[in-house]
Structures are given as structure tokens and as C-alpha cells.
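With the hints as extra help, turn the sequences into a complete structure.
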Amino acid sequence: MAELHLHPDRFLPTDPATRAIARQLLDAVEASPIISPHGHTDPRWFARDEPFEDAVSLLLWPDHYVLRMLYSRGIGLGELGLKAADAGPVETDRRKIWRLFAANYFLFRGTPSRIWLDHAFATVFGLEVSLDAQNADHYFDLINARLATPQFRPRALFEAFNIDALATTEGALDPLDHHSQIRDSGWKGRVITTFRPDDVVDPDREDFARNLDLLADLTGGETDTFEGYLAAIAQRRLYFREVGGATATDHGHPSARTADLDPGERRRLFDRVRKGGGKAEDAELFRAQMLTEMAAMSVEDGMVMQLHPGSYRNHNPWLFKHYGRDRGADIPRRVGFVEELKPLLDRFGNSSALKLILFTLDESAYARELAPLAGHYPALTLGPAWWFHDSAEGMMRYRRQTTETAGFYNTAGFNDDTRAFLSIPARHNLARRMDCAYLAELVASHRLSPSEAMETAIDLTYRLPKAAYRL
Amino acid sequence: MAELHLHPDRFLPTDPATRAIARQLLDAVEASPIISPHGHTDPRWFARDEPFEDAVSLLLWPDHYVLRMLYSRGIGLGELGLKAADAGPVETDRRKIWRLFAANYFLFRGTPSRIWLDHAFATVFGLEVSLDAQNADHYFDLINARLATPQFRPRALFEAFNIDALATTEGALDPLDHHSQIRDSGWKGRVITTFRPDDVVDPDREDFARNLDLLADLTGGETDTFEGYLAAIAQRRLYFREVGGATATDHGHPSARTADLDPGERRRLFDRVRKGGGKAEDAELFRAQMLTEMAAMSVEDGMVMQLHPGSYRNHNPWLFKHYGRDRGADIPRRVGFVEELKPLLDRFGNSSALKLILFTLDESAYARELAPLAGHYPALTLGPAWWFHDSAEGMMRYRRQTTETAGFYNTAGFNDDTRAFLSIPARHNLARRMDCAYLAELVASHRLSPSEAMETAIDLTYRLPKAAYRL
Amino acid sequence: MAELHLHPDRFLPTDPATRAIARQLLDAVEASPIISPHGHTDPRWFARDEPFEDAVSLLLWPDHYVLRMLYSRGIGLGELGLKAADAGPVETDRRKIWRLFAANYFLFRGTPSRIWLDHAFATVFGLEVSLDAQNADHYFDLINARLATPQFRPRALFEAFNIDALATTEGALDPLDHHSQIRDSGWKGRVITTFRPDDVVDPDREDFARNLDLLADLTGGETDTFEGYLAAIAQRRLYFREVGGATATDHGHPSARTADLDPGERRRLFDRVRKGGGKAEDAELFRAQMLTEMAAMSVEDGMVMQLHPGSYRNHNPWLFKHYGRDRGADIPRRVGFVEELKPLLDRFGNSSALKLILFTLDESAYARELAPLAGHYPALTLGPAWWFHDSAEGMMRYRRQTTETAGFYNTAGFNDDTRAFLSIPARHNLARRMDCAYLAELVASHRLSPSEAMETAIDLTYRLPKAAYRL
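Residue numbers (the numbering used here), protein chains in the order written: chain A, 1 to 471; chain B, 1 to 471; chain C, 1 to 471.
Check each hint, because a few of them may be wrong.
Since the list gives no way to pick out one identical chain from another, each pair is judged satisfied if it fits inside one copy or across any two copies.
As the list claims (entries may be wrong) - SDA-like, lysine to any residue: derived pairs with alpha carbons at most 25 Å apart:
no.	residue 1	residue 2
1	Lys-466	Ile-75
2	Lys-466	Glu-159
3	Lys-321	Leu-80
4	Lys-466	Asn-104
Calculated directly from the structure, the hints in this document are not laboratory data.
Just so you know, these numbers come straight off a predicted model, no measurement behind them.
Okay, here's the thing in C-alpha cells:
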């Protein structure tokens, strides 16, 4: 059996002198508290603080990176225990599911999933051998036994992970009951929400009309006029701030397109999408206009705005029909920012009151569009390497392609953006290592002094994410 | 005169400790047999086993990489001995042509052509000085003398190169006489064909109508209805498998667009392109539909499907008119896969019975589209770095940009895709070196254990290409 | 206070053996004369040879890289002393402006601006501490004192910088008075102009019609017919060659689109744009046609043609309205070359008489389009990494992504493209270092011999730019 050992110099540069510099930088930031300003963990965990069920439901099922890789190699989601209408037999023996995963763990060689999982196995569960078919049962039994103990409850892990602040993400209609419960519980962990209004902003959703009715009910207002609709959204934003501690909004749009129509056009566009059955391009235009409306609200209420464009959601209709969202079938595509953001920037780009954090799945935009935009407009900040690019190579490409034009100080520090709670320390640890690796290269090639690199490493780890999210 | 020396550590990482790891990996795979599942060597060579003519006709004329570089620096193709109607004088003195090439060999510094040629010069011909104007005659005489000996005949070289299987590529109408001859000869070398139906699938070709008539004649069927046409193609696929040992098809389309029209639309579209003179977009739509038809046939007959999109063929009309195809004037352009492949994937993407190997000339698609697609759909596999990117830097970019999302096991190993027979060992050697270099970096930065890297190196070299092509 | 020390090995590879190779190469080229064939320094400086005013007006105001970074972090251009109509208060105390810059100098960590400025501070002014808030006054006083001395006048610096030839850029209507004055002065410094006809070629400019009237006046011809217009332009090209010593033209177009309309269409298109108020797409088509016309003239008169496409100029309308051009609000966007250049290349691509140097802000085109085009067409040469990519990482990406397909000898050597005179030695020094770093990697990985690398380093530094610009 192979040893599971997290080498203290993992991911650092291979050149010994450069590695030594990186090591010094890392020593200063590795133990820093975690700021997690954007993610998708379940607030119910921290509200109820019940034990996690078992290894499969905690580590496999919520992790679309794991599901997608296994699925790509011909392993059916039913074999992994996921239930579906009309999609064949479902494995219910959790141990068998874990064994299947273990036997295929080699597929993750060279991927961030492997890095994150090994980190959790070693640091959270104290495992000392590398997962494979032979030790699958040892893993399964040990993990399940640990999860049943008090030190492995959500709040205990939150504290053990040294998390300063953790943001979850909720839709505009969410009552935020879990966040209320957390606040009322007297527990000191800072779990805040993020306002994600896609459900009431995207006319392409089947439930759009119903959601607007619910929005009216929830706010005691009306959503049959554009003015009423905007007022209802503004009210929900206030609710998210007051009840959920939100400091940010998040917008997951197919493209980065924005619009700034004149008042009459806005109203007519709203009327068409409110009723349904308008022109084909109405939905895209409405989403575009709504980004500008959200920016306007952010200028007023101070909420940081995040834009996550460019994912083709649910690309696989068969999988979507049988297994639903977030199973690994979201595929990135080309995204443009220069023309697309212009209407919004024409109105608010010169305002320091707006803080718009941009993400991309299209890395070709880093050096060409995003760094030049963020290196000019006061309103813009670059979010970190996102999703598929939240990886050793991905983070290095991000720094190499953005720093020379945007600098370090137009970036937002790290986001883990995960629903896999146990991967949070691993992801932040990797981000710190890659930042230190990059900074060490700058020092070793005499582009930055050691003391500047040290200050920058601390800024990237702690000061910048706090400032970017107004935490 | 400069020494020609293939350093045993060439292309490996420069950091000494990382290089030592790469060296160990390479020792395990460098001498492995060559699997060459996609290429363009001439089957006549292996059927007839006649001596190659001389250095110029073997090493220069079939190599569009060499022609394009010389041409780009103002050297006319006539000066290189290529004949053309109305394009000026043609040099017929082969020695003079070779001298011209030798005097300009410095142009290839830093290019893969230089790597491939030096490898052939040193390992095939035993040359010990680096080619330049001074030793041009020495090269010319020595190469020509060797080519006249039995050890330099095609089959002897095939065996000396340790080739396990070599695939050529033939059009749908090819009688496969050379392949029959090879099989009947009793020679043990495995030379198989690949079914490339572009000539009967692409309505933009001037000979499309004539090719469909020939297809009807050849199969004894008819190609005036869509059903008859598809049946005729299926029959040719069977012929290619039975007579030529084909396990794969290959499709060289301008884009990756696919379509899945309803039966009536398909028939009407076929009727229009069969007659000619339909709508402007018919040709693209027909090619798109035919990719889906080919996938359907692959699901039936088990042939692996390869898609090579994104080359603007014959970009230079003057050159095409005078010198024809494959002279170095094919230029890559942007390719999208996400929307384009969706119709085909909607039908067959979840099927492990389909094996569709994707290539690209647009590297921006690696991390953005191809790795995410291959890391989700069971039907998809990533082909290796292709054409212009079949190079030291190109292969390293490929691994860096695909591994973290697709892993190693959704990739197909290496293809040489060459018509330059003598470059085959060089190309595979380089691919092995770059894979070992990449794996060594993962080991040196503690992302992979040495034993995992070793197993992966062997898989990439041998097991994956055999599996990907069902060899 | 931190020491300001330009380490002799800065920017070279971190691996010690590779660094030693790079060092040897650099020793051979670091002191070579500077060829600066494309830039935007002010010819008035060399004509009048008056002292530069002070640190702020010399180092901050003309440097849009510096302005954009400060602006992006919320520092108003008024705070930096830039005047604007209706844009709030303007700081007039130069010392206060310098202090503001110094206090924010940390923003430039990791950027080329930092590299260029530190180089000028150390080598031009002899400063020995790194700029920060504490030593702002020391910097300000020392720089201003030096600028008042004869050794810091423009011509003295030009000579101290060891500049062989420096090209400025002037619009088609410029009288070239400063160039005449330089020539008449008897000073030996070679300052030449470049013909940049955008003002008389781009119908989207508000002053287009007026410029054509001026062009008629200036040439004594007429610009109301296409023939007269072309003749007037040809005459200005002659004037630029004879009076300004120009060897090149430069074209800053939104896209790389070219056209080759038939004579009747050309005339009708000209008539429409001459009168104004034609079709919306006329301007783009006219610019496209004019690139081909310029190529035709270049074939006749031997002027090297430069194409700089893909910048969205003045993306920020508020900033443009108040502060005008070149304040850091030009944003790159996607550029295609394959279809776009085809009409021009169909006419002139096979001609060695045309020399068209291509630049890009869209690095995804390097390996996909530009290197393949330049590695085939005799008329094409690749310009260096441009603008935002004129940086350590940017230049390394350029070599890595272009060399394998285009080789070194289809590239033009380095351009500084700057209006920041004091940054010229820094930029050339950095380019030499990055080329030597890249070549050293090739040597260390046994892809190139040491003597070939040495010859190539010298070619890239001196021979190639001289040849590319026919200097």
C-alpha cells in the first residue's frame, strides 16, 4: 500500500533556491484564518450541527468534479447510488459505492480533485495510506466512525478549519431560516449568505413567472410593473443583508452581456418577459438589463456584485432529465467582456462605489480583456481562477496572465466556490501555495524584493479578500 | 562543423532533480513498440517494398512543414524541385536542391522539424555532424547510398522502428489494393487503413457528385436516395474493416458542427446537395448531419471515430492552383465544440459504444471546452496535441491545460499524423519525453507518487492508444 | 528604506545551469546599440533639445500604463495633475503629485511599469533606494536637478542610450517640421518618422472629411475621386520618405479585416464615405480596402507595412470626454487574421516585395493563426509581443507560442512602441533578457547548440529588426 503523505513542499517550485523562498513565504500565510467569501455549502449543516451521514453522501454525492470524472469513464450515476426516474438500477450499498470509487481513484491523477481529497483524507481523517481498491474498506470504516464523533460535526470542523467567515449562496426567494437559526443559536461562527437572484432575473427559467408571483407575496409588494419588481428585489437585498449578513450578490449568467435601455424600453421589455411569449432575444436582453439594474442597486446599498458568466448549464439533456443539475455536465464556452460590459461600465465603471468582481471560465480573456479592464476601471476587480481553473496549473496561469496588466491589487484573493465542505482547507491551502510559488519566482528572478513578496503574500491571503467583499 | 549529438536528456526538465525523475520514467518507455494509429504514410511503400528514391524525394517533398518554412523565407517551390503548370522554372538537380535546403537549415532552429530531422539523420542514417551548407554533399551522398541498401527499404525500416501497428488513411473510394497486397504478401508488419470519407461527405468538393456516382458503382448500390447513400457508406466501412483492417474512421471538417435533423429534413437536404445548386449553407449543414450519421454507424459497427476540425485548407489560392494540396498553406482558425457537438452528443454522448476522438488546432479550446467535454461524456476521448502543436512546447501546453479537468485516462496517447515516414520514431520519442517531463514535474512537486507516474507513463505510451483505437 | 539594485541576473531562468547559459548569451547582446523602429516619442524633443521639465511631466503624464493603474485604484486623474473640462479640481503642486505616485508605487509590483521605471531610476538617475512614500521628495528633487543639467537633454540621453535609429510616428498630414529641423541641425542622431495614415483612412473619425480637404490642400491635388485620393496619399508617403526618412507605414485598425473590391466598387465606396452618411458597414469596409491599397503602394515604394489591430480605443466615454485619448482606456479584444487578411494575401501574400509586419493584442492568435500565417506567406513577418504583452511573461509566451511554427527568422526583433523616452533602454534590455532566457532553455534542454543560440541572440537583437524595417 502506498503511503499518504502531504509533503510540506508540495506544489512549490522545483528549483531548490526558488522553493526555499516559497517556503518562507508560505510559512507566513499557511496558518492564516480562512476567508471564504463565495461558496455553496449548506447552511443547514451549521444551523442544525448534526453529524454528517457517511463518506459517500459527504464526499462523493455533492462533488460534481468526482461524479463527472467517474461518469466520463463509463461509470453510471446509478452505480454511484444516485437515484433517478427511469434510469435503471440504483446501488444502495454505500460500501459497494465507496469501493467502486476507490478502485477508480487512479482516474484523478493530476487533477485538483485528487489534491483536495488527499488533503481531507490526511488532515481531517488522519489517514496514512493512499486510497485504492485494497484499502477501500479501511477508509470507509474509519471515515464513518470519525464522522459519528463530536469533533466531526459541522461547527466543530468549521472551527478546526480556522474559518473567519464563510459565505453560502441563496436564491432571492430563500427565507434564510438556517441563517436566522445560526444567528439565534449564539454560535460564534460567521456564516453569511449571498444574494443570488437568478431565479427572479432569468426569463428562460420555467419557473420565472411563478417566482415573480412568490417574490410579490414574500415582499408584500407587486411584481407586475418594472418599478414594483425592482422595489421587491431591493427589499430582498435588504433582507439578505439584515437577516443573512450578506455583503455580496452573485449572478450566474450565460454571457457577460449588459444593457442600459431607456426607461420606456426597460418597462416594455419587462412587460413582455413578465407575460411570457415575447421575442426570442428578450430573455438575454432582460438579463443584460438586469445586470445594470443590479449595479445601480449596489451603488446604493453597497453590496459587492459578482458576475460568473460563460457556463453552458446542463449541456447533457439526458443526464439533466434523469439526475438534475450539478452533476458535472456544465461546460464552459467562449466569453467576451469588452463590448458586453460596456453599457454597465458606461454608467458605473468610473465609480468606486460599485465593486464588481469578474470571473471567467474562458482563460483566453485573462490577458486580453479582464486584466486590461480591471487595470483601468475603478469599479472592477478580478475574481480568482474559477471552477475548472481552481487548480495548480490554473492558478499559475491566472497569476502569470493577469498580474502584469492588472497588478496584484486589482484582484480579490481566493474563493473556494465549493459545496464540498471538507475541501475548503485544501483549496485555500493550494491557493496559498500557488501564490507563494508565483511570488517566489518573482523574487528568484529579481522582479520583486523578498520583503515586498512577503507583504503581497499576506495581502493576497487575507487583506484583499476581506476588502473585496467588504467583510 | 558542429557535432550532431542527440543528448540522452534532451527535452527533459532543466532542474537536475526533476530531470533525474524524468530520466527514470523515460527509461521505462523509450524502447516501447510504436503504436501509430493515425497517419498518412503511403501504403504502396510497404506493399512494394522498393527502395526510397533519394534524400530530396523522401525527406523534403512530402514534408509540408519543411516546404512551408522555406517558402515563407522567399524560396520558391520550383527552386525546391516541385513541378507546376505556369509557375516558372523548376530545379531538377537534386543535389542543388539539397544544398539549398542545407544552407537554410538554420531557419528550423527551435522548430519540431529540426528535432524530427536531426533524429532521423542521427538514428536512421548515423550522421554525426549537424547539417549545414558545408556538409550538404556529405549528407546527400551518404543518405542516398544508405537508401539503396536493403536495410533501408520500407519494411526493414518499419521493423527497425519497432512499429506494432501503423494506420494509413484512405478515401472512401480507395480500392485498398496496397493493403490487400501487404496482407497477401505474408509480411508480418501490421499496416492498417483508416476510413476517411470526406470525398463522399463534403458537398463543397468539385468532385462530390462524381464521387457519389463512383460510390454507387463500387458498392453495386445506388446513391440517389439518402438511404441508398448511407447503405453504400456502411458497405465501404465494412470493406475497410475486412480488407484494410481498419478500426477507425477520420473526418477532416472545417468546423466541429454537427446536426441531427428529422428524417424528412435529412432526405430533402441530401436531395439538394446530391443535385447541386441548393442553398449556400447546405454544404455545412450536410457535413454536420453526416458526422451524426457516422456516429450512428460507429455505434453499430464499433469503428472509432476521429474528428479533425478547424483547418482552413488551401488558404493560398495561387499556391493551390500551381502546386496543389499539402504544401503548407493550411491555416488553423478558431473552433468551437460546445454548441457544435451538442446535436451529436445529445444522441450518442452518453453511450460508451461510441468512441469519438477529438483533435484541435485551436489550443484555447483545451481547458475551456475539450477537457470539460471529455471529462464528462463517456463517448468522448481527447486526441493528442495535433499538427502545429505536435511539438515540445505544444505537447507540454496540452498536458498542462487538459490533465486537471480530463485526467490522463480520457486521452488517447500519441498520434504522429505524418506522411514523413522517417519522422515517426522521432515524433514518438519526443512525445514520450514530453509526457515523462510533465509527469516528472508532478512527482517533483509532490502531486503524484513515483510509482503512479511510472504506471501512467506506460499507460500513455502503450495502453491508452491501443485501447482508444481498439487495436 | 529598501535598496534599489538591478540584479545582473534579473529575469533570467532560476535554474542555475540554465541561468549561466542565459548570462553568456546576454553578455554578447546586452550592450548592442538600440534599434527602435516603432514608437511614439515626440520629435520636438530632438529637434529643440530643450531640457525636460520635471519628473511628473516626463515620467507620469505621458505614461498611460502608470495612469491606468493609479486610476483603477480610485486615484482621479485630476489628483495626478491632468486638466479636464468639468472634471473637478486639478492638483497643480507637482511635488504633491509625485508623493501620491510614490505612496502608490506598490501597486506596480509584478508589472512591467515597475521594471521600466526602476531601470530608469537606477541607470538614468543613479537612484539607489526603491521608491516609496518616505523617499518621494528625495526622488523628486534629485530627478528634477538632474533634468536641468546638459547630460539629461534629449539628444544627450539619445546618445547615452546608444540608439542606432529611432522611429517616431506621425499622421499623414503632419508637416514633419521637427524631422526637418533635426536633419538641418547637423546632429548625427538618426530619428526618422513613420507614416500613419489613420486620420485620412478611417471614415469613423469625426475629422475625416476635413482631413481629406487638408490632404488635397497639402498635396496640391484633389481628394474628391478615389484616384486623386490615392495619388495624394502616395505623395505623402514619398514626402515621409524624403523629408522624414521613413521606411515604414503603420496602421491602427479596429480589426485585421482587408478587402479587395473591384475597381467600380472601390470608387463607389469611396464616394459614399467621402460624402458621409452611407451605409453603417461602409467605414469598416473602406478601412479593409485601404489596407490592400496600402499594401499595393508598399509593393511599389518599398515601405514596410505594420498592422496593429484589435484595440477598442477610448472604451471609457466619460474619461475620453474629459481627458481625451491615451489615458489607459484602450482595451484589447478578440482578433481574427485567417479570413480577415485573405483578400490582401490573395493579392500580395506570395510577394517578397511586400513586407507586412503583424501585431496582436489577442495572444490566442499566436500559435493558432499568426505563426502559421507567417510561417507560410513570404510577405508576412511577426512583430514582437505588443503593448500589454511587452512584459517578462508576455515575451516568454510570445516565443513559446510562435517559434515552433514560425521559427525565429520570420520575426521582426523587438519594438518598444513607447512615448516614455526614458523607458526605451529598459524595454530593450528586458527584451534581450527574455530572448536570452528562452534561448538558454533551448540550449539547456538540448534543442539548440550554444553556438546557434549565440548567433540567434545576436540576430534577434540587431540583424532582424534592421532587416525587417529596411533600416
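Do the hints match the structure? See the list:
{"no.": "1", "hint": "Lys-466 to Ile-75", "result": "between (41 Å within a copy, 21 Å between copies)"}
{"no.": "2", "hint": "Lys-466 to Glu-159", "result": "within (19 Å within a copy, 50 Å between copies)"}
{"no.": "3", "hint": "Lys-321 to Leu-80", "result": "within (17 Å within a copy, 58 Å between copies)"}
{"no.": "4", "hint": "Lys-466 to Asn-104", "result": "between (39 Å within a copy, 20 Å between copies)"}
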